[in-house]
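Asker: Protein sequences, first through last, are from chains D and H. Using the numbering used here, you'd call the opening residue of the first sequence number 11 and step up by one each time. Using the numbering used here, you'd call the opening residue of the second sequence number 4 and step up by one each time.
Keep in mind the hints are simulated off the structure, nothing from the lab. Heads up, a few of these hints could be off.
Said to hold, decoys possible - Simulated coverage check for chain D against chain H, where a stretch passes if three residues somewhere in it have a Cβ under 8 Å from a Cβ of chain H:
hint	stretch
1	17-29
2	40-48
3	51-62
4	71-80
5	90-97
The beta-carbon is built from N, C-alpha and C at its ideal position, and this holds for glycine as well.
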Amino acid sequence: MIPLNHYLIVSAILFTIGSAGVFLRRNLITILLSVEIMLNAVNLSFVAFGRAAGDVNGQIITFFVITVAAAEAAVGLALVIALFRHKESLNPDAFTSLRW
Amino acid sequence: MPETLLFYVLAGVAIAASVLVIGQRNPMYSVMLLIASFGALAGLYIQLDAPFVAVAQIIIYAGAIMVLFLFVVMLLNAPQEDAAAWDRAHPLRQPGVLTFGTLLAALLIVELVWALGRTLGLAAPVAGRVGPATVSSVRELGRVLFTDHMFAFEATSVLILVAMVGAVVLARREEDR
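Bound conformation, chain D alone:
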């Protein structure tokens, strides 16, 4: 049987990869994808803890995280589209002014 901490280690590695992606990449879409990696890493932790405790609440909170991730992706991508229309760039360093 697989111990609980192996799932947590996978989750920790995925979360670190996601946070490294947010810091290292300079493309708004890739940064949003890195945020999705982090959300999924946390989902894996929730489900693994819920399985170990024999409780369905670990899975319930995963549904809420998925829903919030969908809302975040929709609003985030709408912002990316609006920003791209103004600057013709996806680089976060291109957006330095508070208003145009």
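On the provided structure of chain D, position chain H as indicated by the hints.
Answerer: For chain H alone, coordinates are given in the frame of chain D:
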């Protein structure tokens, strides 16, 4: 031990695909690789006796959210990173900085693996205490979701509505206003 082997294969696929996601310069490849990572994670959820979460992961994440990302990538026809000259001359683009950041991330991974690996009480088998029937029942999931978490569920529907309206307003062209 086929299921132990399957766990390590799925975990390896998820981690390798995620590393490749942040290693790509072309966002199109990143989205495709992230779908592979989510598929492997769905396999891990099935191993954790959470088949409903696994199916939701495939349908909502890999199906809906990633298609939304693909639409935006194709719609914008975005330039690759490093397209602009001012970007190539950016101080954070100097070669040492990227290596330093990657090293810090690798250090954080080593630290977390070390800490989680030696924590007592987490080393017990994940399926040891209770049988799979108590957590894999969709009936029980639905009962808890619609009774104990009723308020959060309804609040989520408002959140989705707000996100929908917000996305439409934000992505509208200026001249349409």
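Asker: Does each hint hold? Answer for all of them.
Answerer: Hints and how they fare:
Only residues whose C-beta sits within less than 8 Å of a C-beta in chain H count toward coverage, and the stretch 17-29 of chain D has 11 of them, enough to reach three; the restraint holds. Figure legend: the stretch 40-48 of chain D, annotated as covered by chain H; annotation consistent (6 residues with Cβ-Cβ distances under 8 Å, at least 3 required). With 7 residues bearing a CB less than 8 Å from a CB of chain H, the stretch 51-62 of chain D meets the requirement of three and the coverage assertion stands. Counting residues of the stretch 71-80 of chain D whose beta carbon lies closer than 8 Å to any beta carbon of chain H gives 8, which meets the minimum of three for the stated coverage.
Counting residues of the stretch 90-97 of chain D whose beta carbon lies closer than 8 Å to any beta carbon of chain H gives 5, which meets the minimum of three for the stated coverage.
Of the numbered hints listed earlier, not one is contradicted by the structure.
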